[in-house]
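2 protein chains.
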Amino acid sequence: MITTTNPRTGATTDLDLLDTTTAEVDRLAERAAQAAPGLAALGREGRARALEAVADALEAAREELVRVADDETGLGEARLNGELSRAAFQFRLFAEALREGSYLEAAIDHAGDTPLGPGPDLRRMLLPLGPVAVFGASNFPFAFSVAGGDTASALASGCPVVIKAHDSHPLTSLKSAEAITAGLASAGAPEGTVALVFGQEAAGHLIAHPEIKAVGFTGSLSTGRILLDIINRREDPIPFYGELSSLNPLVVTPGAAAARGDEIAKGLFGSYTGSGGQLCTKPGLAFVPTGPEGDRIVETMQALTAEGGGHVLLNQRISQAFDTIADRLVSAGAPVAARGQVDGADGFVVPPVLLATQASDLSAELTEECFGPLIVVARYDGEKDLAAALELMPHSLTATVHAEDDEADTVASLSRLLEPLVGRLVFNGYPTGVRVSWAQHHGGPWPSTNSQHTSVGVTAIRRFLRPFVWQNAPESVLPEELHEGYSAIPRRIDGALVLPGSAR
Amino acid sequence: MITTTNPRTGATTDLDLLDTTTAEVDRLAERAAQAAPGLAALGREGRARALEAVADALEAAREELVRVADDETGLGEARLNGELSRAAFQFRLFAEALREGSYLEAAIDHAGDTPLGPGPDLRRMLLPLGPVAVFGASNFPFAFSVAGGDTASALASGCPVVIKAHDSHPLTSLKSAEAITAGLASAGAPEGTVALVFGQEAAGHLIAHPEIKAVGFTGSLSTGRILLDIINRREDPIPFYGELSSLNPLVVTPGAAAARGDEIAKGLFGSYTGSGGQLCTKPGLAFVPTGPEGDRIVETMQALTAEGGGHVLLNQRISQAFDTIADRLVSAGAPVAARGQVDGADGFVVPPVLLATQASDLSAELTEECFGPLIVVARYDGEKDLAAALELMPHSLTATVHAEDDEADTVASLSRLLEPLVGRLVFNGYPTGVRVSWAQHHGGPWPSTNSQHTSVGVTAIRRFLRPFVWQNAPESVLPEELHEGYSAIPRRIDGALVLPGSAR
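These protein sequence lines are chains A and B, in that order.
Everything in the first sequence is counted per this note's numbering, starting at 42 for the first residue and increasing by one.
Everything in the second sequence is counted per this note's numbering, starting at 42 for the first residue and increasing by one.
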């Protein structure tokens with residue numbers, strides 16, 4: 042029997058659901074494989090309409106989805122409404138990308154003489170990999186879960202999806218899958234295009250299944266490693282797209298501390314406590330200069346933290362890990378500078394926590410990610426001190442620099458130091474509040490993700506596609522996008538990019 | 042002491058070379074990491090010039106390189122001259138790709154209102170991953186070895202390369218590395234941009250080295266598996282681009298057999314024996330229809346094979362494996378239909394071998410790849426018989442169909458059956474003789490490669506790049522390709538692809 046837990050109270054409710062059996066996982070994976078040709082045959086326009094139908098279905102179910110998710114996650118209706126809008130937006134953005142069509146990377150080299158002799162006609166395009174396993178994340182019950190970007194990008198690419206529901210929000214997962222399934226059905230997608238499984242055994246069985254061709258996962262490094270080990274034992278290794286761990290260091294320069302210390306202190310407090318600090322891009326370590334202007338930032342953050350109320354965390358495991366890791370960080374040399382208020386004893390509620398240390402005292406132990414409303418502030422004394430500390434930084438999704446216009450040299454040297462460590466470099470803002478758009482990206486060197494991964498932004502679709510070339514093929518077997526006269530999408534023809542409608 | 046062996050005679054010569062020590066591997070990997078910023082700083086034009094200088098240096102050394110390679114591989118001067126031209130061409134093609142610039146996938150989303158609220162300015166581009174380990178292949182001493190496509194594409198991307206010399210052609214490897222190093226130096230590339238290592242221990246140590254960020258390998262499935270296991274034990278898994286095994290099935294339809302059986306028999310003989318059958322794209326299994334027109338194809342191939350002279354294989358290991366696997370295929374149910382002539386007993390010389398079986402008798406054992414001049418011809422009786430046999434096909438780089446214009450239904454159903462199995466589908470030609478161009482691709486589902494891999498064609502560069510995003514960054518820290526006014530390369534601006542020189 043699967044249970045759901047209200048993190049505000051800790052109260053559990055039995056659901057009329059069981060863990061998925063391995064036999065059922067087999068059936069769902071095979072059904073997904075059978076659905077693949079039909080999903081591909083919808084074509085770009087058909088799949089774009091299906092994605093829009095999913096977005097509509099999610100929004101039509103908004104009231105129930107947000108209510109159920111709020112009960113299961115404690116994230117609050119405002120945040121959950123925004124997140125559901127983001128999830129729907131992601132499906133619509135991929136519909137736009139399908140219509141635009143350059144994600145196919147269509148290319149034609151006509152037959153002809155080459156410096157190495159006569160060359161055949163070659164036509165290249167990306168094709169869907171096949172069924173994808175997606176793992177729902179605890180912290181985004183919509184936008185990184187059943188209705189999340191992995192699902193949207195996989196469906197856009199033409200890959201059916203079998204989703205492992207996160208055990209923190211089983212009912213939200215079920216209701217999301219129902220909405221998605223209804224949306225897909227209304228647009229003529231084959232049955233089995235999306236399926237949902239519950240339970241750890243089902244998850245392990247799923248990613249070992251021969252019909253599964255890629256895995257998208259957002260979660261902890263330890264669980265990611267377990268999944269990767271299962272994949273490595275497969276006869277055919279498949280791509281594992283894992284988003285696993287990220288500290289997201291943030292640097293405040295002396296100039297920025299002097300010019301807008303208060304604003305930064307407030308922004309940083311909001312960024313480390315928003316959504317209870319349960320964001321992969323939460324800044325977990327902030328470098329603040331020594332001296333009175335840096336002192337003032339820390340004092341403001343202390344005051345805000347001390348006045349801050351408790352945050353409901355997503356589940357007991359996360360709440361307990363928060364306490365454990367906070368204690369570890371304190372023991373490793375970052376004493377508590379401020380701690381917020383927690384009323385009552387129900388549920389998985391923790392206070393915001395501000396720890397303080399010196400940059401010169403940083404160690405590997407002090408750069409451990411703590412999921413939840415906690416930040417370590419490290420005071421640094423000059424650029425050398427800072428540069429030495431940055432050498433200890435683990436790889437992250439993001440790094441952030443707050444600097445003033447007249448600090449160009451500092452900004453240049455910080456950029457050089459931070460670029461190799463991360464996938465996104467933010468200036469004078471906060472890494473949380475990720476914009477979803479064409480140029481966006483969500484990855485970084487291991488263990489934040491693997492370096493080439495991205496689960497946010499249009500290019501996320503690239504993870505689920507493979508190149509294919511037809512040589513001297515009759516037009517009847519070619520996808521229409523590679524027909525000689527087709528001109529509705531950007532294509533590379535004899536080496537030159539040609540836009541839709543361009544004369545050649 | 043490293044020795045080199047002449048495969049025509051089996052005679053060995055000691056070289057003034059030792060296996061690279063692990064300490065030296067460490068030094069070379071660290072030197073490569075130190076070279077990376079300088080190589081990146083050359084910029085696209087600087088790297089394009091460096092690649093052209095390498096191409097020039099390889100061609101300037103042509104006479105010596107071909108002579109040394111012929112002594113070490115027995116491939117013959119005509120083939121080796123052509124291969125050296127291909128290797129030089131590959132460097133020049135990547136120079137062209139660098140100047141064209143769309144490989145960077147530059148994208149800009151301007152700050153502004155979005156359906157989800159105000160969005161920051163985002164600028165995305167691909168950056169080099171870092172030092173790459175490349176393994177030279179035995180069968181292409183130039184084009185898939187030290188001077189091969191992996192090296193060219195990695196250098197183009199801005200990644201230094203540490204290359205494991207194949208033990209079948211150590212001197213060719215050394216001379217190639219010298220030419221490349223001289224070419225790079227003349228164009229101002231940093232010292233350590235390319236390095237060469239010898240020996241298995243060095244290879245294992247190299248791919249476990251923390252500074253190595255990706256591995257390119259063309260070779261056997263068994264060696265590939267060993268390398269992958271080493272990579273899986275790293276703290277940070279890195280991409281492994283392995284091209285491992287490929288049967289390359291070829292189908293002759295009844296119409297093609299009737300229309301041009303003789304031509305196909307001759308073409309197929311040339312394709313399976315060219316370069317001694319030591320090509321990853323060699324057709325290893327041909328489906329020929331039953332009946333008199335199919336009989337005639339087989340008879341012509343038998344006659345050509347029986348008259349065919351011996352082929353010098355690259356080394357003793359390959360020669361012995363050829364005999365062993367040929368015996369295994371015969372035992373598994375494909376008796377010898379014809380075998381060519383071998384004069385004398387010196388060196389690693391084998392005859393061309395034609396085995397024959399029925400499509401209905403095919404088994405996993407009969408689809409084993411045999412590296413060398415061997416082909417299995419399977420006779421099939423109608424489309425159902427053929428379709429059932431194709432179900433047993435292992436994944437391959439290529440599949441080939443010979444069919445006539447009036448067989449559209451057959452062609453359509455064969456395409457549907459073959460597409461999931463391969464990366465390239467060839468019509469009325471042969472899979473060998475791979476065109477190097479923008480639309481080309483060299484990959485297929487595991488174990489031919491991993492599905493998303495390609496080591497031939499311009500998109501090979503994508504393997505060694507990672508996405509990076511700057512958010513609200515001052516122009517001073519942005520690469521010039523992301524400056525607001527830059528217009529020399531294709532960029533995606535606010536979702537729309539913009540070509541160089543286009544007005545917006």
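These are calculated hints, taken from the structure and not from any lab test.
Glycine is no exception: its CB is placed at the ideal position from the N, C-alpha and C atoms.
Possibly wrong hints are sitting among the right ones.
Far from chain A by the CB rule (all over 12 Å, computed), these chain B residues [stated by the list, open to error]:
1) R90
2) K254
3) S478
Going by beta-carbon spacing under 10 Å, a handful of chain A positions derived as facing chain B [claimed, not checked]:
4) N273
5) R301
6) T331
7) D446
8) E521
9) H524
10) G526
11) Y527
12) S528
13) G536
Cβ-to-Cβ under 7 Å is the rule here; a few derived chain B residues that face chain A [unchecked claim]:
14) R49
15) P531
16) G536
Given hint B/G536 near chain A, where the shortest CB pair must fall under 7 Å: holds, 5 Å
Residue hint B/R49, partner chain A, criterion CB-CB below 7 Å: violated, 26 Å
So, as I understand it, the hint says A/R301 touches chain B; can you test that by seeing if any CB pair is closer than 10 Å? violated, 15 Å
Take a quick look at B/K254 and tell me if its Cβ sits farther than 12 Å from every Cβ on chain A, holds or violated. B/K254 not clear of chain A: closest Cβ-Cβ about 7 Å, inside 12 Å.
Taking the closest Cβ pair, is A/G526 under 10 Å from chain B? Given a least distance of 17 Å, the restraint on A/G526 is violated.
Verify that the Cβ of B/R90 lies farther than 12 Å from every Cβ atom of chain A, and report whether the claim holds or is violated. B/R90 clear of chain A: closest Cβ-Cβ about 19 Å, beyond 12 Å.
Interface hint outcome for A/T331 [beta carbon to chain B under 10 Å]: violated, 25 Å
Interface hint check: A/E521, Cβ to nearest Cβ on chain B, cutoff 10 Å. Holds or violated? Constraint on A/E521 not satisfied, violated at 14 Å.
Using 10 Å as the Cβ threshold, decide whether A/S528 counts as touching chain B. violated, 14 Å
Hinted contact B/P531 with chain A - closest CB pair below 7 Å: holds, 5 Å
Separation of B/S478 from chain A, once the least beta-carbon distance is taken, above 12 Å: About 4 Å separates B/S478 from the closest Cβ of chain A, which leaves it inside 12 Å; violated.
Supplied contact hint for A/Y527, tested at 10 Å Cβ to chain B: Cβ of A/Y527 sits 15 Å from chain B, so the hint is violated.
Violated hints, listed in ascending order, are 2, 3, 5, 6, 8, 9, 10, 11, 12 and 14; each of the other numbered hints is respected by the structure.
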